[in-house]
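These are the residues of each chain, in order.
Number of protein chains: 2
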Amino acid sequence: MKKIILLYVLLIGAFLVYAVQHYQTGANEEDPFHSERLRGELGENYVMVTFLSGIEYWKSCLKGFEDAAETLNVSIEYRGATRYDTREQITVLEQIIAKKPAGIAISAIDPASLAGTIDKAVDAGIPVVLFDSDAPGSRAYSFLGTDNYEAGAAAARKMGQLVGGKGKVAVITLYSQQNHEERTRGFQETIDRAYPDMQVVAVEDDKGDAMVAKDLTRSLLEKEPDLAGVFVTEAVGGAGAAEAAKELGRTEQLHVVAFDTNKDTLDRIKEGNISASIAQGTWNMGYWSLQYLFHLHHDLTIPSPAASGVVSPVPVEVDTGISIVTPENVDDYYAK
Amino acid sequence: MKKIILLYVLLIGAFLVYAVQHYQTGANEEDPFHSERLRGELGENYVMVTFLSGIEYWKSCLKGFEDAAETLNVSIEYRGATRYDTREQITVLEQIIAKKPAGIAISAIDPASLAGTIDKAVDAGIPVVLFDSDAPGSRAYSFLGTDNYEAGAAAARKMGQLVGGKGKVAVITLYSQQNHEERTRGFQETIDRAYPDMQVVAVEDDKGDAMVAKDLTRSLLEKEPDLAGVFVTEAVGGAGAAEAAKELGRTEQLHVVAFDTNKDTLDRIKEGNISASIAQGTWNMGYWSLQYLFHLHHDLTIPSPAASGVVSPVPVEVDTGISIVTPENVDDYYAK
Numbered sequence: 001m002k003k004i005i006l007l008y009v010l011l012i013g014a015f016l017v018y019a020v021q022h023y024q025t026g027a028n029e030e031d032p033f034h035s036e037r038l039r040g041e042l043g044e045n046y047v048m049v050t051f052l053s054g055i056e057y058w059k060s061c062l063k064g065f066e067d068a069a070e071t072l073n074v075s076i077e078y079r080g081a082t083r084y085d086t087r088e089q090i091t092v093l094e095q096i097i098a099k100k101p102a103g104i105a106i107s108a109i110d111p112a113s114l115a116g117t118i119d120k121a122v123d124a125g126i127p128v129v130l131f132d133s134d135a136p137g138s139r140a141y142s143f144l145g146t147d148n149y150e151a152g153a154a155a156a157r158k159m160g161q162l163v164g165g166k167g168k169v170a171v172i173t174l175y176s177q178q179n180h181e182e183r184t185r186g187f188q189e190t191i192d193r194a195y196p197d198m199q200v201v202a203v204e205d206d207k208g209d210a211m212v213a214k215d216l217t218r219s220l221l222e223k224e225p226d227l228a229g230v231f232v233t234e235a236v237g238g239a240g241a242a243e244a245a246k247e248l249g250r251t252e253q254l255h256v257v258a259f260d261t262n263k264d265t266l267d268r269i270k271e272g273n274i275s276a277s278i279a280q281g282t283w284n285m286g287y288w289s290l291q292y293l294f295h296l297h298h299d300l301t302i303p304s305p306a307a308s309g310v311v312s313p314v315p316v317e318v319d320t321g322i323s324i325v326t327p328e329n330v331d332d333y334y335a336k
Numbered sequence: 001m002k003k004i005i006l007l008y009v010l011l012i013g014a015f016l017v018y019a020v021q022h023y024q025t026g027a028n029e030e031d032p033f034h035s036e037r038l039r040g041e042l043g044e045n046y047v048m049v050t051f052l053s054g055i056e057y058w059k060s061c062l063k064g065f066e067d068a069a070e071t072l073n074v075s076i077e078y079r080g081a082t083r084y085d086t087r088e089q090i091t092v093l094e095q096i097i098a099k100k101p102a103g104i105a106i107s108a109i110d111p112a113s114l115a116g117t118i119d120k121a122v123d124a125g126i127p128v129v130l131f132d133s134d135a136p137g138s139r140a141y142s143f144l145g146t147d148n149y150e151a152g153a154a155a156a157r158k159m160g161q162l163v164g165g166k167g168k169v170a171v172i173t174l175y176s177q178q179n180h181e182e183r184t185r186g187f188q189e190t191i192d193r194a195y196p197d198m199q200v201v202a203v204e205d206d207k208g209d210a211m212v213a214k215d216l217t218r219s220l221l222e223k224e225p226d227l228a229g230v231f232v233t234e235a236v237g238g239a240g241a242a243e244a245a246k247e248l249g250r251t252e253q254l255h256v257v258a259f260d261t262n263k264d265t266l267d268r269i270k271e272g273n274i275s276a277s278i279a280q281g282t283w284n285m286g287y288w289s290l291q292y293l294f295h296l297h298h299d300l301t302i303p304s305p306a307a308s309g310v311v312s313p314v315p316v317e318v319d320t321g322i323s324i325v326t327p328e329n330v331d332d333y334y335a336k
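For the record, the sequence lines run as chains A and B. According to the numbering used here, the stretch in the first sequence is residues 1 to 336, in order. According to the numbering used here, the stretch in the second sequence is residues 1 to 336, in order.
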């Protein structure tokens, strides 16, 4: 008798478990857009690929990728060339393709060399999107990155506000790198157009070296004692420029607008040594890259990625925007 | 005895139901990116706003908006000015703001007039994104639409392929409307640059009227008997151009590349009277608009939409791409 009762209990229990699960997941089984279908399957793995893979800059891209992965219930992997080495990035990408992941988001070390390997992935049925650095010749489905001209223009507007719309300013940049040229041009043209009482008196090259940026700023302040601001278009020079102003006791007079959110830059914004920095939409790059890859892998778009001919199943070019880091919001930008 | 056993069964069953539900939904309660948190709440309502709200063009935008709503478990509403009337669209938008929806996706009837009302919504804490037609002066978070220059360039490449890279072609467009000017320029410049044996012999204005497009094509064929192709940049003229070729028995000779996916255009592609059409990424506009609004409403982005100063919580400008409709894939483009 007791055994039969136990059996009853187990059977009824099992039925209830089944009924609840069925109720929760089965309601819209034919509809691909029911949210239960926006969940990945066991072993569904997406890979983010970078170069100089250890630098701070990628942390927030990866955080976006991770946040999207949790949302969609899939797993991810972070890979990359450890050095600034095209050959190494191609090799890493080839190893990844061999494992047939569900999708790949890659930042291309240079615009031309990666296209062939990216196309190999697409031919093998693996969706690929590019983020941060594009490879325009490839058949990747999308590019998500910063509009560098607009970023420079935003820096000019911030600088204009900081210096009260008048005075001499300078730019420290990397010569002959396209994204930095665009930032410089966006800055310069916005100053010329919108701030008649401001002049860009110098555009210098710090070669991506904080010490060079420091020396350059020191000489600029000697040549132009009333210099009111410096816009540094690359990630490490802002701290150098700010350090020069500090050593000369000119922090109050010289407004430094930096780029990106390295810890050193954020610390100096906190202490008032750097006035502002231009943060790129790195979290957006990672988050929406994975969303696109997921939708491509599961064929959830209209038109379908499998349609014949020229089709754009996901947006093809995405300006992820910029944010301006200031003493008021700097705490939000430390890596978590 | 029997009653006690029944009680046991019920209690154990209830516990199992509770345990299963807890297991399925409670695992990551603090984490906003767990997928259970990407589900809307009861009464969470998003509104799509257009103008000329009855035309075919918006159907696919709305389908994308609906598909995203199902994914996210929220409700939506479709509103708009029925006529091409700025005042009417502003009134509709004001009525919507008064109801405090969770977010608004709007296609602006003209770039300037809507900005004030859009900003009013943003000030009231209602996220707004723009799709298809931008209002650049406003504080909307994003614009999702077609890169018209690129669309024209894609039409040129398709035309080049259709006519075998040589011969005379013409453009029928709308004069002095910016998006149509850009399509025409993208077409013309791509032909000039990439197809030395092709010439654009005329650029005409059909005023958005299929009959005018028909008459224009007829005269073009009289003036240039060896005309090999016509690219029509607006939605209704393609059918007119194709009808002229048909009446003159010149369908085999004259390749018409149309724009958008009106039923008449699709029918003619099916029967071989129009060679191809440029479809805009309308589903993408609707789908990703709602995704952005949802992420803004639930504060799921980094940086937060509530952060102080200039921030881009979602991508600021999104080129939703184009697809080329041909006899091979035309069936996918009929409204479902």
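Just so you know, these hints were derived from the structure itself, not from any lab. Where hints are given, some of them may not hold.
Claimed, not checked - Straight-line C-alpha distance at most 27 Å; calculated DSS-like pairs for lysine-lysine:
#, chain 1, residue 1, chain 2, residue 2
1, B, Lys63, B, Lys168
2, B, Lys3, A, Lys2
3, B, Lys120, B, Lys166
4, B, Lys2, A, Lys3
5, B, Lys207, B, Lys223
6, B, Lys168, B, Lys120
7, A, Lys59, A, Lys2
8, B, Lys166, B, Lys99
9, B, Lys2, A, Lys2
10, A, Lys166, A, Lys246
11, B, Lys3, A, Lys3
12, A, Lys99, A, Lys120
These figures come from a predicted structure and were not determined experimentally.
Verification of the supplied hints:
1. Restraint check for B/Lys63 and B/Lys168: not satisfied, since their Cα atoms lie roughly 39 Å apart, outside the 27 Å limit.
2. Distance hint between B/Lys3 and A/Lys2 is fulfilled; the C-alpha atoms sit about 14 Å from each other, no more than 27 Å.
3. A threshold of 27 Å between alpha carbons decides the hint, and for B/Lys120 with B/Lys166 the separation of about 53 Å lies outside it, so the pair is violated.
4. A hinted pair counts as satisfied when its Cα atoms are at most 27 Å apart, and B/Lys2 with A/Lys3 qualifies at roughly 14 Å.
5. For the hint linking B/Lys207 to B/Lys223, the alpha-carbon distance of about 21 Å falls within 27 Å, and the restraint holds.
6. For the proposed pair B/Lys168 and B/Lys120, the alpha carbon gap of about 51 Å is over 27 Å, so the pair is violated.
7. At most 27 Å may separate the alpha-carbon atoms for a hinted pair to count; A/Lys59 and A/Lys2 exceed this at roughly 60 Å.
8. Taking the CA atoms of B/Lys166 and B/Lys99, the gap is about 57 Å. The hint is violated against a cut of 27 Å.
9. At roughly 11 Å between alpha-carbon atoms, B/Lys2 and A/Lys2 fall within 27 Å of each other, so this suggested pair holds.
10. This hinted pair checks out: A/Lys166 and A/Lys246 have alpha carbons roughly 22 Å apart, not beyond 27 Å.
11. With a CA separation close to 17 Å, the supplied pair B/Lys3 and A/Lys3 stays within the 27 Å bound.
12. Distance check on the hinted pair: A/Lys99 and A/Lys120 sit about 13 Å apart at the alpha-carbon level, within 27 Å; holds.
Figure legend: structure checked against the earlier numbered hints; hints not met, in rising order: 1, 3, 6, 7, 8.
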